[in-house]
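Peer 1: FYI, the numbering for the sequence shown is 1 to 62, going by our numbering.
What the hints contain is simulated information worked out from the structure, not anything from laboratory work. These numbers were taken from a predicted model, which means no experiment stands behind them. Cβ coordinates follow ideal geometry from the N, Cα and C atoms, glycine included. No false leads were slipped in.
Distance windows between CB atoms, simulated:
no. : residue 1 : residue 2 : range
1   : Ile3      : Thr31     : 19 to 25 Å
2   : Ile3      : Arg53     : 26 to 32 Å
3   : Gly20     : Asn43     : 16 to 22 Å
4   : Arg24     : Arg53     : 27 to 33 Å
5   : His15     : Glu49     : 19 to 25 Å
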Amino acid sequence: ENIFRIAIVEFMDRHNFCIGRVKRSCIHFVTPNGQIIPFETYNMFYRDEPARRRMAVSMGAS
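Based on the provided sequences and hints, a complete structural model is requested.
Peer 2: Now the structure itself:
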């Protein structure tokens, strides 16, 4: 029931991106539509879209 996890992974950005590490990733985000996103790629490729949607909603845009 109560789970507490600590994950230690090396941060990747455009300067040290390694496709091999992404392929070996064992930590993932799952989107509401079922898409599985490796943890290491989320900030670089996927984070901006949900942030834009949240900002649009908070500013009253539809």
